[in-house]
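Colleague: Reconstruct the complex from the two isolated chains, following the hints.
Residue strings, one per chain:
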Amino acid sequence: MASSEVGNRIRRFRFEHGEMTQAALAEAVSVTRQTIIALEAGKYVPSLTLAFRIARAFDANVEEVFFPANEQRD
Amino acid sequence: MGRHQRHAWFKLSVVAAAVIAALSLSLIGGLRVGAAGFAVMGLLGLAPLFYRRRGQAAVMIDERDRLIQARASLTGFRIFWIVWVLSSVGLWAALRSREVVPVEVLPLTVLAGWALFTVIEASLTLVGYGRPE
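If you're matching them up, the sequences are chains A and B in order.
Note that our numbering gives residue 57 to position 57 of the first sequence, counting from 1, and the numbers run on in steps of one.
Numbers in our numbering are just positions in the second sequence, counted from 1, shifted up by 1000.
One chain only, chain B, in its complex shape (with noise of 0.2 Å):
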């Protein structure tokens, strides 16, 4: 398995723990609460660990590699931008003014976006090296 595949595989390791942190945080002190959970999302941070190179290694990434992550990029960001834009508009369309969006539900719909993108991303990633191009 290669670096990127490990890498994919961590991210979505990440944000398995991410998301059953915020939904036990969010059992226990409701929506606010459960907003922190996304903080185990801070390890994403620690990419640079499966780029080290080690010893006379002369390529990190390659034009195939690139290819990889920018199919995946640009996938990860249109089904997030897609699933994100019906799921606001669409809870406008259903509840218009009846009824009223927690605040908190904000800052949950980014998170929760970044995670819905870092999962597509890290899938698509795994799929890009496990089949022809």
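Bound-form chain A, shown alone (with noise of 0.2 Å):
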């Protein structure tokens, strides 16, 4: 899937949550640092599972996190 086809709001997420660092963020998905930068750059989608536990690590659903690209909300 392109990278255009999918977008996120993992940045403001993790500011949402006490700033929490990338490096923070990563460690709780089991990803490293480079994947997190990657992912909000819009230079990566992420696999299922990953964009699950990315959401569980906000306590959010998956669609709060990712969304098509297409449908852009903020």
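Keep in mind that the hints are not guaranteed to be accurate.
[Said to hold, decoys possible] DEER-style ranges, computed between Cβ atoms:
#1 B:L1067 - A:N61: 43 to 51 Å
#2 A:F52 - B:A1093: 49 to 57 Å
#3 A:P68 - B:G1090: 23 to 31 Å
#4 A:E19 - B:M1001: 24 to 32 Å
#5 A:E63 - B:M1060: 28 to 36 Å
In case anyone wonders, no lab produced these hints; they're calculated from the structure.
Cβ coordinates follow ideal geometry from the N, Cα and C atoms, glycine included.
Modeller: Next comes the structure, spelled out in structure tokens:
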């Protein structure tokens, strides 16, 4: 899936959760910090498993964190 | 720069050194001696040094790393295969029974093929980390 097809609000959720660092989020979802950077930059689309882990780290639903890029909401 | 990118740059450097060594030795002592230059590629065995666990770093390789590595390796093998088959069959088609290929060329095809695969894989790894997927 091309990176332009899926957007995310990971950065916003990080700041809303006690200004969580990229490293802290990476450790929480068992990926490297470079992957979190790539996710926030829209350069990588996560697997479904990783998407669920990220959403769970923010106590949110997957749809709240990720969305189709052609439905940019904010 | 991540450890995988550093490893890719290291692989490119090793192959460059091996090719330079092989060409230099070939000029001195012919193909048989030149093949010894590819022994430099033994340095690729130092790969584990790039993946030493530092402190409390929990994740060494994740799904994105595996995806990039898989794509790079697969594409590298595809290109190596096409080049190797075309060069082998092309050489045969061009020379037929008119010429004889020196036996020293045989191990060089394997070594050069390994170098080609490594260059393609490392290059695609660097491209993979540098562009959207």
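Colleague: Against this structure, judge whether each hint is valid.
Modeller: Structure-based check of each hint:
Between L1067 (chain B) and N61 (chain A) the Cβ separation comes to about 25 Å, which falls outside the hinted range of 43 to 51 Å. Between F52 (chain A) and A1093 (chain B) the CB atoms are about 55 Å apart, so this pair conforms to the stated range of 49 to 57 Å. Separation of P68 (chain A) from G1090 (chain B) is about 48 Å and departs from the stated range, judged on CB atoms against 23 to 31 Å. Between E19 (chain A) and M1001 (chain B), the C-beta spacing of about 26 Å keeps the proposed range 24 to 32 Å intact.
Between E63 (chain A) and M1060 (chain B) the C-beta distance comes to about 31 Å, which sits within the given range of 28 to 36 Å.
Of the numbered hints listed earlier, those contradicted by the structure are 1 and 3.
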